[in-house]
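Chemist: Which chain is which? The protein sequence lines are A and B, in order. The first sequence begins at 1 in the numbering used here and counts up by one. The second sequence begins at 1 in the numbering used here and counts up by one.
Simulated from the structure, these hints should not be mistaken for lab results. Here the structure is a predicted model, which is why all the values come from computation and not from measurement. Virtual Cβ for every residue (Gly too), placed ideally from N, Cα, C. Certain hints may be false.
[Said to hold, decoys possible] Example chain A residues on the side facing chain B (calculated, C-beta under 10 Å, incomplete):
1. 27
2. 29
3. 75
4. 86
5. 197
6. 230
7. 235
[Stated by the list, open to error] BS3-like cross-link-like pairs, simulated, lysine-lysine; straight-line CA separation at most 30 Å:
8. A:80 x B:239
9. A:23 x A:117
10. A:226 x B:239
11. B:239 x A:214
12. A:214 x A:226
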Amino acid sequence: MIRWLALFLWLLPVTASAQNVPKLVPDVSQRQIDIQSGFTGAEMLLFGAIIYPRGVVPEGRVDVAVVLRGPTRSITLREKQKIAGIWINADSSDFRSVPSYYAIASSRPLEQIVNSKTAAIYELGLDRLQLSPSGEVDAAEQRRFADGLVDLNRRNGLFRQEAGTVEITDQVLYRARLNIPSSVPVGVYTAETLLIRDGRVIVADDNVEVRIRKTGFEQLVTVMAKDYALFYGAMAVLVSLLLGWFAGFVFNRL
Amino acid sequence: MDIYLPIANLSVNALVIILLGGGVGVLSGMFGVGGGFLTTPLLIFYGIPPAVAAASASTQVTGASVSGVFAHMKRGGVDFQMGGVLVVGGIFGTGAGAAIFEILESVGQIDTVINILYVLMLGSIGGMMAKESLSSVRATRTGKPVVAAKRRHHPLVASLPMRWRFYRSGLYISPLAPLILGFVTGIMTMLLGVGGGFIMVPAMLYLLGMGAQVVVGTSLFQILFVTMASTMMHSLTTKAVDIVLAVFLLIGSVTGAQIGARLAQRMRPEYLRLFLATIVLLVAIRMALGLGWRPDEIYTLQAL
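With the rest of the complex left out, here is chain A (with noise of 0.2 Å):
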């Protein structure tokens, strides 16, 4: 009787009754990256704990999916196709929600933890990403360019989906790591934790904000370039007269 109880429990809704949801306390290894002259990507830990109603953990095995994501942008896809021997840029599409960074880490693959709807409404997988497409394209193009911009991301090392990397010990405990290359960019990103069982999603958190900003010298660079761009320009030019004169100058000294 108890055990059917329990059961039924858990498959309320997870609005129904907030002390009978597992809880999660997630944390990142750094809520701040800052990009230096020596950065060459960064390596983050996401880990956190499962706090279950009344201490109890239930049997059974859950699963956690982890996803780190950066703000989203609006661009232009373009595609090379072959034309009159020469490959040139044929067919565009845009797109007004492509996180500019998006990575994804589970226990299992996706496809064996949740099912297609559930992965659909949490963007659960490169294959899942709400891209918004706009203008009037049939669906087919759609799903090509999609496809193209997941795996130019993917292999750029912007997007990444990874299976069987988060650990989870004792149904309680969990941690994951997620790499981020050099190449990555600047802004708020946001980690998402999501505790999954039987399918579907029970939990998801994704409170925690990750700030991954240029500092020193480089911000300085980049902040100059943009808005005092005459100024940046005469020094690019002034260094680059002083370095060559001073290379003849000690050259003829030699």
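Fit chain B to the known structure of chain A by using the hints.
Modeler: Using the frame of chain A, we list chain B on its own:
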């Protein structure tokens, strides 16, 4: 030694960049060219975004040509009047180049146009140089001197109105001719990141008919100022000048240029030109093949 490039937004190996600059510098010292035609494609090949590569390469050419300009000035090898007209044309050219750059980028054809321009320019000039240097090598082998073509300017140049006297160049021609030449080179500088020395030098010799003793110096003078203008123009429009990248390229290339200049004194000029022609043709062939080969990336992404 990894270094993060703040404008290109990626991390590169500083040693690779210095060596790349150094190699190009040796060639530029040997031949008196800026070397931008090699830097830009090599940087793109290494993974630097094309706009950043072209913008930063033109900054590097400025540094590479400074000491050359001083050396030629001392020798009286610069026609300042001619150079001034070329520079004025060149500055307008960089402005036009910036507009063309923007239009081509918005329709997504900038990389194809850059590639085609490279193939046409390097192919034709490399071919001309190869032909010329082969015949002079043959001439030295057989001992028969080549009959120097009589120096004179192209009939089209002679037909332009309003003539000026360019004393040092030994010319009495319309300033419109060098103005247009400077303009075209300015566009090339902006789009391709090249100084344009190897368009300028043959054009000065065979189109304008300038005296050989001022050709290289005046061309360097023009390159110096037009690459400066193009750096400014890139800073203001494309915002693609990466000063960190430019400095590492410069460290290599200014050193290399001095080594190259010393090497050049020990080599026979006709073999030197044949060597340069071979390099230019190889780059042209590689780029031509690149147009027809299936590219690594079918898709490219542009932020809106």
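Chemist: Next step is simple, just say for each hint if it's right about the structure.
Modeler: Hint check results:
no.	hint	verdict
1	27	violated (27 Å)
2	29	violated (20 Å)
3	75	holds (5 Å)
4	86	holds (4 Å)
5	197	violated (37 Å)
6	230	holds (7 Å)
7	235	holds (7 Å)
8	A:80 x B:239	holds (26 Å)
9	A:23 x A:117	holds (23 Å)
10	A:226 x B:239	holds (7 Å)
11	B:239 x A:214	holds (17 Å)
12	A:214 x A:226	holds (14 Å)
Violated hints, in rising order: 1, 2, 5; the structure is consistent with all others.
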